[in-house]
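There are 4 protein chains.
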Amino acid sequence: MKNKAWGGRFKAAQTKAFLEYGASIGFDKKLAEYDIMQNVAHATALHKARILTPTELKKIVSGLKKVAAEVRAGKFKFRTEDEDIHMNIERRLTEIIGPLAGKVHTGRSRNDQVATDVRLYTRENAIAIAGFIAGLRRAFVAQAEKNVDAVMPSYTHMQQAQPIRVAHWFMAYHEMFRRDEERFHLAAHGANVMPLGSGALAGVNYPIDRRVTANLLGFGAISANSLDAVSDRDFAVEFLTAVALLFAHLSRFAEDVIIYSSSEFGCVDLPDEYCTGSSIMPQKKNPDLLELFRGKTGRVNGNLISLLTIIKGLPLAYNKDLQEDKIGLFDSCEQALAALPLATDFVKKMKFRTKLLEGRVKNGFLTAVDLADYLALRGMPFREAHHVVGAIVRECEEKGMTFADMTLKHLQAHSPLFKKDVFDYLDPTKSPDRKKTFGSTAKKEILEQIHAAKHELDK
Amino acid sequence: MKNKAWGGRFKAAQTKAFLEYGASIGFDKKLAEYDIMQNVAHATALHKARILTPTELKKIVSGLKKVAAEVRAGKFKFRTEDEDIHMNIERRLTEIIGPLAGKVHTGRSRNDQVATDVRLYTRENAIAIAGFIAGLRRAFVAQAEKNVDAVMPSYTHMQQAQPIRVAHWFMAYHEMFRRDEERFHLAAHGANVMPLGSGALAGVNYPIDRRVTANLLGFGAISANSLDAVSDRDFAVEFLTAVALLFAHLSRFAEDVIIYSSSEFGCVDLPDEYCTGSSIMPQKKNPDLLELFRGKTGRVNGNLISLLTIIKGLPLAYNKDLQEDKIGLFDSCEQALAALPLATDFVKKMKFRTKLLEGRVKNGFLTAVDLADYLALRGMPFREAHHVVGAIVRECEEKGMTFADMTLKHLQAHSPLFKKDVFDYLDPTKSPDRKKTFGSTAKKEILEQIHAAKHELDK
Amino acid sequence: MKNKAWGGRFKAAQTKAFLEYGASIGFDKKLAEYDIMQNVAHATALHKARILTPTELKKIVSGLKKVAAEVRAGKFKFRTEDEDIHMNIERRLTEIIGPLAGKVHTGRSRNDQVATDVRLYTRENAIAIAGFIAGLRRAFVAQAEKNVDAVMPSYTHMQQAQPIRVAHWFMAYHEMFRRDEERFHLAAHGANVMPLGSGALAGVNYPIDRRVTANLLGFGAISANSLDAVSDRDFAVEFLTAVALLFAHLSRFAEDVIIYSSSEFGCVDLPDEYCTGSSIMPQKKNPDLLELFRGKTGRVNGNLISLLTIIKGLPLAYNKDLQEDKIGLFDSCEQALAALPLATDFVKKMKFRTKLLEGRVKNGFLTAVDLADYLALRGMPFREAHHVVGAIVRECEEKGMTFADMTLKHLQAHSPLFKKDVFDYLDPTKSPDRKKTFGSTAKKEILEQIHAAKHELDK
Amino acid sequence: MKNKAWGGRFKAAQTKAFLEYGASIGFDKKLAEYDIMQNVAHATALHKARILTPTELKKIVSGLKKVAAEVRAGKFKFRTEDEDIHMNIERRLTEIIGPLAGKVHTGRSRNDQVATDVRLYTRENAIAIAGFIAGLRRAFVAQAEKNVDAVMPSYTHMQQAQPIRVAHWFMAYHEMFRRDEERFHLAAHGANVMPLGSGALAGVNYPIDRRVTANLLGFGAISANSLDAVSDRDFAVEFLTAVALLFAHLSRFAEDVIIYSSSEFGCVDLPDEYCTGSSIMPQKKNPDLLELFRGKTGRVNGNLISLLTIIKGLPLAYNKDLQEDKIGLFDSCEQALAALPLATDFVKKMKFRTKLLEGRVKNGFLTAVDLADYLALRGMPFREAHHVVGAIVRECEEKGMTFADMTLKHLQAHSPLFKKDVFDYLDPTKSPDRKKTFGSTAKKEILEQIHAAKHELDK
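Residue numbers (this note's numbering), protein chains in the order written: chain L, 1 to 459; chain G, 1 to 459; chain W, 1 to 459; chain A, 1 to 459.
A hint or two may mislead.
Unchecked claim - Restricting the straight-line Cα-Cα distance to at most 30 angstroms, the calculated cross-link-like pairs of lysine-lysine (DSS-like) are:
#, chain 1, residue 1, chain 2, residue 2
1, A, Lys-77, W, Lys-436
2, L, Lys-29, A, Lys-30
3, G, Lys-103, G, Lys-58
4, W, Lys-443, W, Lys-146
5, W, Lys-399, L, Lys-355
Unchecked claim - Covered stretches of chain W, as calculated for chain G (at least 3 residues, CB under 8 angstroms):
#, region
6, 295-308
7, 341-349
Source of the hints: derived by calculation from the structure; they are not laboratory data.
Using N, Cα and C, we set each Cβ at its ideal position, and we do this for glycine too.
Let the sequences and hints guide you as you build the complete structure.
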């Protein structure tokens, strides 16, 4: 039992099967660089508290640098029998600098140590993800600029609704991801509180100045209650929620484009680079990337509910259940990091078939609202105008016509308020600019939004 | 079909069963006051855009006031055949002021209307919940002040760990709920963006100044993309996450106190007011309230996953699936509103049996870390000191002793470094103040945290 | 405290707020009929155990009949101060027959009582739902019969795949719901174990023959361990999973038909009876019913995860957390009961536009597999044949052609193996019957499946 | 593009990043043995359908055997550029036997191929898990036998309830896992339907007899609709639910034992082999294994909700989203396989401190129900008896006494019905055998349950 950091009071040895079951090194090795960083900072604080001599500190830091180099070079040997990343690093440091390595654990417990590592991981990755989202937003804005004059049908309930600019569609997604980016910055902020110095849960018997470690590790705040600090995973839930919403948006984008790229809609050209074929149907060009985005929504939702389930009813303070927090956290993080660059390149390369869309927009009833507003502006209560237009649509459908086939006579049979100028209202390409409100699909408004987005992204 | 707001193009009538199935009035009637508020604001904006005359506006506003009075008095008749809250209000307004009521729907769709109502609801309730949480925090701080000198065992893995002040335990929960309060303020902020003016999804054909309505409704921002605005439910997910974390914390509190109030722990006196008995076992005093808190964690987690599932893969823009967003949102909101005042009163009335705790603290091994630190401060590497103390514990257990039974001779048999002053380190009531770090269980630190909390709460 | 079934040992009264919070009568009143049924059975068993005299039994049963009549007539007054359905029934029974009512509680606890009620509820409703599913299956089979000759494109990845019979599509859903029906029968079987007689958790001090009550209540089995029996909710999780899968299938059906009913696909006529319009866009005909099915998937998934979260880490035996089991259970049950008749009628009334589908099938590349198989049957390895056909498709796309435009010359430029008989393979209407395997889209196979389904449904 | 199974119609190559993103070989390599098995069976069926000559079949089977040997020896090189397990196997087979390998793909698509592999995996593992559960049940039964005479307090609401036999507690868990075992057999049954022969979704152009492959692969049934078969994942949801409930039960067991092993309860000796210490607190002996079981409940619940989210709203038939089904399925399966042997050994080695429990049982109010029943049997209505006993308990608590301190005088002050024989009813060790009902904690009943369990397990 001598080789365990905690073996003193035990008589029987753990079974190998149990040690492997409980070992977290299989996944928490991803924390290696953060753990080393933390060791350097903690050693420095121990030195400032006169617990380590300058020579000891120097020896420790130089040893840790060697360990870091090994990790970076992929040469570090992670050993299951050392249970977790902390003991692996300490073991290796001991091999390099001898028993002095053990002194770095003074005034620290694995409880505050792991909480600190996970926060460093979350903070750094939240910021990285936010950066990738900014890239994705740029791709949407660039497409919006390119497609500012093209018109497409919009949909509610998957039924054609009103004509909108293609740019408006792109900017809708930009807006979602703008919120996501903000959410990841908030998640980074939530993680940016240092638990180190909380010890096992009661604080530390040594006069360590926590501001020293916090500064070295770039933490913006220090936890105010050690009992809470070692078992608080709120920041991880916030991060997982941010990923869940990110994928909710990716899944909506995926759904739209998957449907648009069907033969029947046929209005989007998918980039070959992000599609696959079928091993049996030679004609297929499948939007696999998008389907994977959509499918992975399930995965990241699962990760969120996992953590919420884990922390339900956990008594204070640290419990081993919390070791499981990292599985979902790392997975959701990696899913976000992997998906975003692919999504960005996909958005850059996708193409709307704008000619086809123009034709489609003209052959339908997309300007029905405009027609009703025409009547309303001429004094008819909107509810009545709505009924009149509904009746026109019904007549068209029965006769196999669309608005494109309407004559003034047809219209006037429904209401004498219709005059020649109504055809302006029936023209779907003129519909978007009839919109008068901030945030609408009018060209003026969209250009303003594009401008604002670019300004914000260039900051 | 004439009575439907959208009946014009339909030939066959909806079946009654379907109308009842699709009707949301059963739950969205909770939005009544927000919908009326919105109607007033929208009518005002229509007036400023010269779509309503001053007389019309006056008539409409006065009609809406009557409707509001009826709602407040519980006299409003919600009718399933009017489908939803918007049509119910409009129908009643029509009964009061005639067809003019229909004009209020000019430049608005139910898509932006409902999104606006739900945001008003979420914002107001998030703020209300934050207020209740502040009350709960006050209860924790008051208990901390009262119990600043009492000592109790702390736990990790449900095993006794180190002596802490009872105040430290209370302040740990204060810290969790402090984060919750902040999260609800963020949720309110997330909801505080106005979609009204987005129309069905493309914007509105009328020159309505959205800043006017936003100001009247107290919105801090206006949505920037109408297509996104009508289908964005991110704010609701954020709110539901805030509730989920709130209940995660309530469930942890519940778990601690349920265990503490068992006969075997016996260290908490539950207030009779919040317990129940058994219909069969006359001796029972059950912590029902706490168990309900813990159980409801499942419910609010379910509500969160519901909404995340609903929005997965939804094509743009509005889809009827989103009608289901309100079920879970309202339920989680009501769960939070109901639980918090009860939790607050419970915290106020619960009592730790501090004498019993003091005895328990003395009869165990809670100062094992202090003992190891004693050796470490005298030059023994911490890892070795840890082993020495482990061996002492094992000896005690084998002989049926605790640290309270240790003599200097016993100790010195394990290490000659032990001197007379070690008994100071063995005294669990002195252990807390040995902690030197910010946020620790030392009296000085706790008083600082209590002070800071009171200062923040008094702002 | 006298009015509480458990008040003896309490000094302070529960607060009104807490009583309301803890009261379950708001939802468990749905168990009224089951609770009365159970009371009758339990009283009978008490009589057989000579705890009730014949006269007492008679009085009790006649009193319970009165209560049942009141419940059925909607005249029963459920009172919050009586907490739950059990105390409400007992209180009313006491009003009718006096203190004798209290004797029915002999040898029973609310723990086994509520578990028994919930199982009766689940069993009965699972069977009812299974019955409704059978009705839905019949609707699918009827449509399959009607559409056995019509051909449509099938899809994978939302891209056109191979021609299938419309009947095949209907039968695919039939197959899903066939599994669902079976699952609800299994759920009924899981619920069909009687906990009554387990008392609070240890069993009962009276010589009650549990087989008597089990027979009277129609239970197929009796629980074998009283400690387990009062806290087992596995059957509810099984039921909730069955509902979750039922809605997964409804949501898939909804998604297919929503997309098929878009203007772009345009291949399904939605019944007016199950669609709604837009209050602003007069041309809309929205598939609301289907969207609600899809949206409610989130709700029933949430209910499942709720219960799984509730039971996580619950110590033995009964805990108040379990009171929350009913919220989601009742909701999922009601969602299933409400959706199925609507879905059934919808399926009956929906219409595929078979002419349009025939045209579409002919204008594409749906027979690409057949073409590759043509080559493979003439000796070319399938992988190579697949490449050849892929090249043909690419050529067509570049030239704006489909298979319908191909001449023998075109084809032979790709492979000399193509002969005149290839056009048979290019004909999409002949493709389905080329399938040779059991369960395929060949007419023969579909007729066999329809036959088998009808046979099973008629049993 | 030549190296892809589907490259024919593509102009631009997939990006490396996308190929890696979409590649499933990282996880579906776990299907290797099942895929090879399927290849053998499919080749055999192709031979029977005269698509492969005897020589070809022989060559293929012998090649597949080589591949299988490489997989088993850990020498198989899984290549990301081959995307998935199917292409990896085919590529290797091609290397061994040349282009003939391509012929095995005749009459098969990856859609039915992967569905078949996953079902084989699920079926085999469900049966394996059921076997491990049987082992766990045996451990519970053995402990029950050993502890049939020991008595312990039972709990509801974590408050002492009634005396039960320790064996009764063990058998309660046995009962839960008995249901689990059955559920895994049902899950195996659900998976035991063969989709092979469904092709991409429409069936297969070759006269392959699916019964041949089904027999070779041991499938009990053949899917009846090819469109459904390639996208049905119900069986995986059933399996994931079975795992979720398995962990719900493990988490309940964990919770009980974690609490029982606290110093305060102190009634269970944890096996050293399954505990760990603390790197900072030398006295700790933490029930890590149990906490991990409890924590992993979150993980397996997450996996279930993931898959339910993935299949929500998926249009027919196969979509790439389904590739994600395996992540959670494999993880939950591995969690079950890893936990069960550890749980079994833990149960074998855990020890109740029966002396301590006997003392505890005697010092409390555990026989309060018996006391009330004493009065009830002497004619007092149970509700009144309950109040009398409640008052006795209150008196005791106020005076710091327990039932052990009661004299006849004390009791008679509360009711004259108490006679000398009441002390028999106050003796907690006699309480269990006073239970008269099937499934109760009476020795006779427990022995019957143990007998029944052993009989069933020995079958």
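Right, here's what the structure says about each hint:
1. A:Lys-77 with W:Lys-436: At roughly 36 angstroms apart (the allowed maximum being 30 angstroms), Lys-436 (chain W) and Lys-77 (chain A) break the hint.
2. L:Lys-29 with A:Lys-30: holds, 23 angstroms
3. G:Lys-103 with G:Lys-58: holds, 13 angstroms
4. W:Lys-443 with W:Lys-146: Holds, at roughly 13 angstroms.
5. W:Lys-399 with L:Lys-355: Holds, at roughly 17 angstroms.
6. 295-308: holds (count 13)
7. 341-349: holds (count 3)
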